[in-house]
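Participant: What follows is the residue order along each chain.
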Amino acid sequence: AQSVAQPEDQVNVAEGNPLTVKCTYSVSGNPYLFWYVQYPNRGLQFLLKYITGDNLVKGSYGFEAEFNKSQTSFHLKKPSALVSDSALYFCAPLSGSWGKLQFGAGTQVVVTP
Amino acid sequence: DSGVTQTPKHLITATGQRVTLRCSPRSGDLSVYWYQQSLDQGLQFLIQYYNGEERAKGNILERFSAQQFPDLHSELNLSSLELGDSALYFCASTPGERPSYEQYFGPGTRLTVT
Numbered sequence: 001a002q003s004v005a006q007p008e009d010q011v012n013v014a015e016g017n018p019l020t021v022k023c024t025y026s027v028s029g030n031p032y033l034f035w036y037v038q039y040p041n042r043g044l045q046f047l048l049k050y051i052t053g054d055n056l057v058k059g060s061y062g063f064e065a066e067f068n069k070s071q072t073s074f075h076l077k078k079p080s081a082l083v084s085d086s087a088l089y090f091c092a093p094l095s096g097s098w099g100k101l102q103f104g105a106g107t108q109v110v111v112t113p
Numbered sequence: 114d115s116g117v118t119q120t121p122k123h124l125i126t127a128t129g130q131r132v133t134l135r136c137s138p139r140s141g142d143l144s145v146y147w148y149q150q151s152l153d154q155g156l157q158f159l160i161q162y163y164n165g166e167e168r169a170k171g172n173i174l175e176r177f178s179a180q181q182f183p184d185l186h187s188e189l190n191l192s193s194l195e196l197g198d199s200a201l202y203f204c205a206s207t208p209g210e211r212p213s214y215e216q217y218f219g220p221g222t223r224l225t226v227t
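Line by line, the protein sequences are chains V and G.
The numbers in this note's numbering rise by one with no breaks, and the one at position 79 of the first sequence is 79.
Take any residue in the second sequence, note its place counting from 1, add 113, and you have its number in this note's numbering.
For reference, chain V alone in the conformation it holds in the complex (with noise of 0.2 Å):
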């Protein structure tokens, strides 16, 4: 069965620091993997992917995941974090061969200045 597992429920971080949320995943084949963000009464919004390639993939908003193989990990990272970064990550492997995206149950990011 495929799975996605985001170990934390809430990553606390100073403005500045650097920023790590955790995605492990469990998918048959070669994964597709994705990032998605959701800022308050908002929809989510794409962050990254990792298709194929380079293990370290870089996205929006200064942030990049670096896909891990052997740890059957994709985590998230974003050097020097803002106040504006507070919000709901998600991570999310494709499931099947269709566009069916499979979310982790989320992660609060709460950056404080």
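Simulated from the structure, these hints should not be mistaken for lab results.
The structure displayed is predicted, hence computed values, not measured ones.
Just so it is clear, CB atoms sit at the ideal spot from N, CA and C, and this is done for glycine as well.
Keep in mind that a hint or two might mislead.
Just a sample of chain V residues kept apart from chain G, beta carbon distances all over 10 Å, derived [said to hold, decoys possible]:
1) Gln-10
2) Gln-45
3) Ile-51
4) Leu-56
5) His-75
6) Leu-82
Covered by chain V, per the in silico footprint, the following chain G stretches (three or more residues, Cβ under 8 Å) [what the hints assert, rightly or not]:
7) 152–164
8) 173–179
9) 206–217
Got chain V sorted already, so can you dock chain G onto it with the hints?
Facilitator: Same frame as chain V, but now just chain G:
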């Protein structure tokens, strides 16, 4: 603004009723996806359409149905509503069928069943 529109923004209705949620994809996008977001179930995929045809189904209840029209807008019909159907319903769109496309999400419809 993702370019995906959803109407209405909010919907309050009673148990047993039927509602229709509407989604217009980004201009030129052929695929539409529906998701349900609730506190207890999280974000769950419901159904996908591509150019009018159903492509994939998730844990969509039999009381729920959807379709995609020739002009590519989509509607999600929820009937015999129960309190547990209260949730945020999102639609998303992509240009085509390739699973590698990122999905663009609408702002959602918040359904409250009383």
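Participant: For the stretch 173–179 of chain G, count the residues whose Cβ lies under 8 Å from any Cβ of chain V; is that count three or more?
Facilitator: Since three or more residues must qualify, the claim that chain V covers the stretch 173–179 of chain G is violated, with 0 doing so at under 8 Å.
Participant: Per the coverage rule (Cβ-Cβ under 8 Å, at least three residues), is the stretch 152–164 of chain G covered by chain V?
Facilitator: Three-residue rule met by the stretch 152–164 of chain G, so holds; n is 5.
Participant: Confirm or reject the statement that Leu-82 (chain V) sits farther than 10 Å, beta carbon to beta carbon, from all of chain G.
Facilitator: 21 Å, holds
Participant: Report holds if the minimum CB distance from Gln-10 (chain V) to chain G is greater than 10 Å, and violated otherwise.
Facilitator: 15 Å, holds
Participant: Quick one: work out the minimum CB distance from Ile-51 (chain V) to chain G and report holds if it exceeds 10 Å, violated otherwise.
Facilitator: Violated, because the least Cβ-Cβ distance between Ile-51 (chain V) and chain G comes to about 5 Å, which does not exceed 10 Å.
Participant: Are all beta-carbon distances from Leu-56 (chain V) to chain G longer than 10 Å?
Facilitator: 18 Å, holds
Participant: Report holds if the minimum CB distance from Gln-45 (chain V) to chain G is greater than 10 Å, and violated otherwise.
Facilitator: Contrary to the label, Gln-45 (chain V) does not stay out of reach of chain G, its closest Cβ about 7 Å off (not over 10 Å).
Participant: Mind taking a look at whether chain V covers the stretch 206–217 of chain G? Criterion is 3 or more residues with CB to CB distance under 8 Å.
Facilitator: Held - the stretch 206–217 of chain G has 9 residues with a Cβ nearer than 8 Å to chain V, which meets the minimum of three.
Participant: Is it the case that His-75 (chain V) keeps its Cβ farther than 10 Å from each residue Cβ in chain G?
Facilitator: At about 19 Å from chain G, His-75 (chain V) clears the 10 Å cut-off, so the statement holds.
When each numbered hint is compared with the structure, violations occur for hints 2, 3 and 8.
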